[in-house]
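Enquirer: Protein chains in written order, with this note's numbering: chain A, 1 to 358; chain B, 1 to 358.
Careful: at least some of the hints might be erroneous.
It does not matter which identical chain is used: a pair holds within one copy or between any two.
[Stated by the list, open to error] Restricting the straight-line Cα-Cα distance to at most 27 Å, the calculated cross-link-like pairs of lysine-lysine (DSS-like) are:
1. K245 / K316
2. K35 / K123
3. K330 / K171
4. K270 / K316
Since the hints were derived computationally from the structure, they do not count as laboratory data.
One-letter residues, chain by chain:
2 protein chains.
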Amino acid sequence: MAKQDINFLEKTLTLAGRAEGYTSPNPMVGAVIVKNNREISCGFHKKSGLPHAEVEAINNTKVNVSGATLYVNLEPCCHFGKTPPCVDKIISSKIKRVVVATKDPNPVVCGKSINKLKKAGIKVSVGLLKEKASRLNEVFFKNMKEKRPFVAVKLAQSLDGKIAAANGSSKWITGEKSRKFARRLRDKYDCILVGINTVVKDNPRLNGFKKNPYKAVIDPALRISRNSCLIKNNSQKLIIFASEKAKKKSFRNAKVFFIGEENGKLPVKKILSALYQNGITSVFVEGGSETAAKFFEEKLADKIYFFLSPKILGGKKALASIGGKGFPLKDCPQVNDMMIEKIGQDILITGYPDYGRQ
Amino acid sequence: MAKQDINFLEKTLTLAGRAEGYTSPNPMVGAVIVKNNREISCGFHKKSGLPHAEVEAINNTKVNVSGATLYVNLEPCCHFGKTPPCVDKIISSKIKRVVVATKDPNPVVCGKSINKLKKAGIKVSVGLLKEKASRLNEVFFKNMKEKRPFVAVKLAQSLDGKIAAANGSSKWITGEKSRKFARRLRDKYDCILVGINTVVKDNPRLNGFKKNPYKAVIDPALRISRNSCLIKNNSQKLIIFASEKAKKKSFRNAKVFFIGEENGKLPVKKILSALYQNGITSVFVEGGSETAAKFFEEKLADKIYFFLSPKILGGKKALASIGGKGFPLKDCPQVNDMMIEKIGQDILITGYPDYGRQ
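Construct the entire structure; sequences and hints are all you get.
Expert: What follows is the structure, given as C-alpha cells:
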C-alpha cells in the first residue's frame with residue numbers, strides 16, 4: 001500500500017511541476033484518482049483562475065469516482081477563492097480515501113480541509129513525500145509562512161569567484177549552455193531583479209525563455225537611462241526602486257517606488273515587501289556583486305544558483321561575485337542540500353543558504 | 001587480444017600507482033608478465049635506487065618467462081642509471097612480446113629501447129592507454145619535457161571564491177574531511193610551497209600524512225620568524241627564497257636562496273628552476289592569494305585542486321582566492337579535464353589549466 005501511495009504521489013508531483021512558473025500566486029498541484037488499484041484519472045492546476053487539480057481530475061473521467069482514492073501533493077482547499085472549495089467537490093463525489101503529501105501552509109487552510117474530509121467519513125493520510133512536496137512548492141510555502149516573495153540568487157562566476165575580470169570584461173564568463181539554462185530558470189520566477197550597475201554596464205533585457213517576467217531594478221539615485229533596453233522594451237512590467245531622496249522622475253513604461261533609505265541604502269526587505277504587495281511571489285536576483293550581497297546580508301536569499309565556469313580570472317581588483325561587507329567566518333551562511341551538475345563545460349551548484357547559526 | 005592487453009595494462013597502472021609519491025625523481029612503473037594467457041608475475045618500482053618494475057616482475061617468479069608477454073606502462077629503460085638497463089634483462093630472459101602504454105619522454109630513452117627490443121626480434125606494441133599512462137606520470141612527463149617541477153595549486157575557498165573573510169578569519173573554511181584529504185595530497189608531491197604571508201598569518205607545519213616533504217617559502221624580505229613552526233620543526237627540509245636585496249641571514253635548519261627580482265618580485269620561474277636543480281620534481285602550492293596568482297600569471301600552474309566549501313563569505317574586502325593582476329576574460333586560463341567530487345560537505349574540483357589560447 002505504502003509503495004503504491006508513493007508511486008501515485010510521485011506522479012502528482014510530476015503533474016504539478018508541469019505548470020511551474022504559471023500558477024502564481026497559487027501553488028503547483030497535481031492529482032491522481034485511483035480505483036481498484038488502477039489510475040482512472042489525473043489532472044493538474046494550470047493557472048490561477050483555472051480549476052484546481054482535484055477538480056480537474058474528478059472532471060477528467062467518465063468513470064464513477066465513488067469509492068476511489070484521490071492522491072494530491074497539497075491539502076485541498078476549503079475556502080472560496082477564484083473557484084469553489086475542492087473539499088466539497090471531493091465529498092460530494094463520494095471519494096473514500098484521500099492521500100495528501102503536505103498540509104497547506106496557508107493559515108486559511110492548514111489542516112482545516114483534512115478535518116472536514118475526515119468528518120465526512122473520508123480516510124485521509126498525510127505526510128508521505130512531505131519534504132519533496134514542500135520543496136516543489138518552496139515559493140508558495142515561503143509566501144504563506146513569511147508573507148514575502150521567495151528569493152533565488154543567480155551568479156555566473158569563474159572558478160575563483162569573479163564575475164568580471166580586472167579589466168572589467170565580463171561577457172561571457174559562462175558558456176552558451178549555461179546562459180540558455182539560466183534564461184529558462186527565469187521562467188520559474190515572477191520577477192527578475194538586478195542592481196542599477198548591472199543595467200548601466202550590461203544593458204540587459206532580462207527576458208525569460210517562454211515568459212515575459214516582471215523586472216525590478218534597485219536604482220537609488222534613479223540613474224536608469226530612457227534608452228536602456230529595460231525601459232524601451234517593457235510595457236508595464238518594469239518596477240524601479242529609488243530612494244525617497246532621488247529627484248522624482250517618471251517613465252511611461254515603468255512603475256517607480258520611492259522608498260526610505262536605511263544606513264544610506266535601500267533596504268531589500270522593503271523592496272520585497274512592495275513586490276509582494278503587488279502580487280509578486282518570487283524574485284530571481286541576477287546581481288551584480290553588491291545587490292547579491294544585500295540579499296545575503298539581510299538573510300533574505302532563500303536559494304542559490306551558482307554557475308561556475310572552468311576559468312581562472314584572478315585579480316585583486318577583479319569583481320567578486322558577492323561583495324558588500326561580508327560575513328565573519330563563524331557567522332556566514334552555510335549552503336544546505338547542495339546539488340551539483342555539469343551544464344556544458346560549466347558547473348551549476350544549487351542549494352539553500354542557512355542563516356540559522358547566527 | 002586488445003581486450004586482454006587493456007586489462008593487463010590497466011593492472012600495470014594500478015601497480016605503478018602504489019608507489020605514488022615515493023619514486024621521485026623516477027616515474028611510477030608497473031609490470032605484468034603473462035604466459036599462455038595467464039599472469040605469472042608482476043612487480044612495480046618502489047623507490048629510486050630499487051629495481052625497476054620489469055626486473056621486479058622477471059625476478060618475482062620461478063616460472064621460466066621465456067616466450068611470455070611483458071606488459072609495462074612506460075617504455076623500459078636502455079641506459080645505466082642507479083640500476084642496469086631493463087632492456088638487456090628483457091632480451092636475455094627471452095620474453096617474446098612487450099606491450100607498452102607510452103614511450104618514455106626522457107630524451108635519453110624516447111623510443112630507443114623499443115627499437116632495441118624490436119632489433120632483438122621481440123614484438124612490441126605501443127600506445128594502448130597512452131593518455132591514462134601519461135596522466136599517471138604527469139610529474140615525470142613535465143620534468144622530462146620542460147626540465148622543471150610539475151606544479152599543482154591547491155586552494156580552499158568559500159563558494160564565492162574567498163580564502164579569508166572580510167575580518168581576516170580563515171580557520172577553517174573547508175571541513176575536516178577536506179583538510180585531511182589535502183594533507184594526504186601532500187604525500188604525492190616532493191615539496192610544499194607557500195608565500196611568507198601564509199607563514200606569518202597561519203604559522204603552518206605543511207607536513208604530509210605519511211611523508212615529510214620539502215617545504216619552500218617565498219619570502220622576498222626574509223621576514224620569516226625563527227619561532228615559526230617551519231623553522232623550528234624542519235631539519236634540512238626547508239628552502240627559503242629571498243630577494244638578493246634582502247638583508248642576509250642564515251638559519252640552522254633552512255637553506256636560503258637569494259635570487260634576483262624582476263619587476264619588483266621574485267620570479268617563480270627561477271624558484272622552480274632552483275628547486276628542480278635540487279632534485280625536486282613536483283611542487284604543491286598552498287597559497288596564499290598572491291602566491292597562487294603568480295603561478296597562474298607565469299603559466300606555470302599545471303594542475304588545480306580547488307576545495308569549495310558550502311559557505312557564502314561575501315565581502316568586497318574579503319581575500320580572493322587568486323589575487324595578482326588577473327587576466328582579461330579573453331586571455332584567461334581555461335581549466336580542462338575537470339573532475340568534481342564531494343569530500344564531506346565540500347566540493348573538490350581538479351583540473352588542468354590551459355594557457356593555450358594566449
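Enquirer: Indicate, hint by hint, whether the structure satisfies it.
Expert: Checked hints:
Only between protomers do K245 and K316 lie at most 27 Å apart by alpha-carbon distance; the minimum there is 26 Å, versus 34 Å within a single protomer. When the C-alpha separation of K35 and K123 is checked against a cutoff of 27 Å, the pair qualifies only within one copy, where the shortest distance is 15 Å, while the shortest distance between copies is 72 Å. Only between protomers do K330 and K171 lie at most 27 Å apart by alpha-carbon distance; the minimum there is 9 Å, versus 34 Å within a single protomer. For a Cα distance limit of 27 Å, the shortest separation of K270 from K316 across copies, 24 Å, qualifies, whereas the shortest one inside one copy, 33 Å, does not.
Of the numbered hints given earlier, the model fails none.
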